[in-house]
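Enquirer: Sequences are here, hints too, so could you generate the full structure?
The listed protein sequences correspond, in order, to chains A and B. The opening position of the first sequence corresponds to residue 105 in my numbering, with each subsequent residue numbered one higher. The opening position of the second sequence corresponds to residue 105 in my numbering, with each subsequent residue numbered one higher.
Hints were generated in silico from the structure; no laboratory data involved. Among these hints, one or two may not hold up.
All copies of an identical chain are treated as equivalent in the list; a pair is satisfied when it fits inside any one copy or across any two copies.
What the hints assert, rightly or not - Straight-line alpha carbon distances no greater than 25 Å define the calculated SDA-like cross-link-like pairs of lysine to any residue that follow:
id : residue 1 : residue 2
1  : 263       : 303
2  : 520       : 317
3  : 251       : 278
4  : 340       : 248
5  : 251       : 176
6  : 340       : 298
There are 2 protein chains.
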Amino acid sequence: MVDITDMNVVLDEVRDALTAEDWDRAVALVEALRPPDQADVFEELHPDSQSELLPRLNPEDSADILEELSDEDAIEIAARLEADDLTRIVNEMEPDEVADLLGDMTPDQAAETLSSIEDADEILPLLEYSDDTAGGLMTSAEVVLHKDITTAEAIAHLKTTVPEAGIAYYLYVVNDDMRLVGVVSLLEIIVAPSETCIDEIMNPEVISVFANTDQEATARLMARYDLLALPVVDEKYQLLGVITHDDMVAVLEEEETEDIFRLGGVPDERVSTTVAPGIALRARLPWLVLNMGTAMLSAVVLSLFEETIAQLAVLAVFFPIVAGVSGSAGTQTLTVTVRGLALGEVSPRDGIGMLTREIMIGLANGIVLGMLIAVIALVWKGSPILGFVVGLATFINLIAAGFAGVLVPLGMSIIKLDPALASPVLVSTLTDTLGYLIYLSIATILLLRFI
Amino acid sequence: MVDITDMNVVLDEVRDALTAEDWDRAVALVEALRPPDQADVFEELHPDSQSELLPRLNPEDSADILEELSDEDAIEIAARLEADDLTRIVNEMEPDEVADLLGDMTPDQAAETLSSIEDADEILPLLEYSDDTAGGLMTSAEVVLHKDITTAEAIAHLKTTVPEAGIAYYLYVVNDDMRLVGVVSLLEIIVAPSETCIDEIMNPEVISVFANTDQEATARLMARYDLLALPVVDEKYQLLGVITHDDMVAVLEEEETEDIFRLGGVPDERVSTTVAPGIALRARLPWLVLNMGTAMLSAVVLSLFEETIAQLAVLAVFFPIVAGVSGSAGTQTLTVTVRGLALGEVSPRDGIGMLTREIMIGLANGIVLGMLIAVIALVWKGSPILGFVVGLATFINLIAAGFAGVLVPLGMSIIKLDPALASPVLVSTLTDTLGYLIYLSIATILLLRFI
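Expert: Rendered as structure tokens:
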């Protein structure tokens, strides 16, 4: 059991050491930590301290820190390092992480850095692919086995290559044309008799993806089939690289955060609790302006009924209920639908079934909540007709919310837009505007005639 | 590259085979699929077909299907199987999955099933732990190495034990007291000279958790330190079992879904797009009733100002903007705060910083949106004072939304409630009720005096 040390304590100690210019102690404190903890402590330090400290750490630790930092932080720190310090560190980084870093640099800086990297030929091919594709996630495969070698030869090959421990739980098998033909686990190699041909023990049904596959689809494939690594191939099925398990976890987390943020009206996943207020504002304000625009639709509807409201102000008292409850019901349906689409539990072709289901739920919600609010309005304001109007409007609105909550995200999905992005604002616009329209239309027809 | 076959095509073929009572063909079709696909096809079949088909599949495939199905589906199908068919299948399941299944059975059924299982002694200890803890996730460790054996002995041991390929990428090392003292990867064993003692190549800094650790904390620990497996120990640090990578992915997905659902007002994560409408209704309706209750608070506030509204019905026209925009801003702040807390990016002790940040954003939002709506109201309704009232109310409400969006989830987190659960309804209640109160108070004071 390793204690998960309180990073704030370590951080204070590192700061004290830096203030005292006791580099050895600062280095010792940071090197004793695991990479994610090193990065957490490191990113809290003053930029000047960062530039002083990083070249003094051993290059493996510095490389781990650069890998763990956010892309923005990593590029900023890399820009402040001396060229030869940067080269030493970059030489210890994983090829896919180097490619990401180079992709974020200015062309000049990237070219200079690349020219001094030992494994430049491994990294160059990785630069071709966009960050959000399988190609952008993959790293170069360190160990590839030919299908006709024996297990003893495979083990001998492993002993000379000594890949990083984290990478070689699956070994990919290729034929003479370098086409991917199978996968074999280390364990299968060990337990087989030593003269067994790899061909005989490998699993030929290896799952792979093309380099241009979307990163979310790639990560979900790995999660679904419980893969610790996934090979990436070109159109001839030649092996281009391998995506490792840590990338899958990072992509899933990134996509979940994106969905949560989009559903919450923050349409930019880079806006976390840690970015500067100015950046957060630029991401969020346009969304609020859009929201104000859609709220104006409701305001226009209300404006049409100004006379009704003037004659019977008590109608306005029930606005929060008419709009609020159907808005909440629409959000519930929307949330379930968007999540079902994201996890692949439902697809647009299940549309009729989902719609039927949500309308049934809307009907039941409408009966219960419509009657409830009718009774409240009757008792509170002493008007049976007011009760009837509020109850009927709530009933109709809840059914409309079921429609909107299914049809909007499904429609988005069919036209290939992310349902999490545009749906919340559309659904709330629909439930609000329709809600006011239905409520005040019924009121105008009935109330003004009978009261 | 294995094609991801269209499961609907396979499903139709399986159904045809079942209708023709061509069991061999149905079995061949299902056995050709990968486990998650087998389960997908299987769960679409009629219950009678399921009971007919499952005992005819080979027990390994049947076991995989039971493991992949949801807990509810698995228990339902298990209940319909003959006792000896069930035993044959359960004997092929992973110990942790058997423990989960037994935990969901009636005590009688569980006792009967357990009595006929080969590895009952492996499964019994797993039954002690609650499903949502590390103990509930772990499976029994198949291979444990003593620290004083050599790598050659370790390999010989692996050859006789032949663990499941998926489990043995890390091997845990214990001392004479069975205390966990290190971890070694298969690769490290292979590449070391054959007479090396395990003790010399193992990593003694092995991360482990206690059996009662919460499942989300466990999964986040595995994700953070990029662990493919995590050992679970008792208070003497003796090895109890191992949590595998597939459990981490499943737990993270379950927790994300829970957060998304809770933020969307669906406070029960079991309510997916696939449950029956009745169950969905029972989960969602109480939440809507609660929502109606909180909307009543706004209605009460509005009721206090009925006279103001009666005198100036145009005030009601701007209700959707006053309540809607600050509600959206509150949701944005809430979303960012809840996600930051879930990912561990922020903790309650960062409260002051977060609050300052969100109030600054609220101020900026308020200035822009307040001025915008003031101009709209002025131009549309031709009243400078109305413009001033709507603008000022929007400005104040947006600052209040910043306060509510930070303080509510932080407060929840401090009193150990899930911030995702109760915060949305509290924040929207606050922004709505405060919004109407501020708007109509300003209006009553200013407008009625000057118009």
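Enquirer: Confirm or reject each hint.
Expert: Against the structure, the hints:
{"no.": "1", "hint": "263 <-> 303", "verdict": "both (20 Å within a copy, 19 Å between copies)"}
{"no.": "2", "hint": "520 <-> 317", "verdict": "within (15 Å within a copy, 41 Å between copies)"}
{"no.": "3", "hint": "251 <-> 278", "verdict": "within (6 Å within a copy, 37 Å between copies)"}
{"no.": "4", "hint": "340 <-> 248", "verdict": "within (17 Å within a copy, 42 Å between copies)"}
{"no.": "5", "hint": "251 <-> 176", "verdict": "neither (42 Å within a copy, 44 Å between copies)"}
{"no.": "6", "hint": "340 <-> 298", "verdict": "neither (32 Å within a copy, 40 Å between copies)"}
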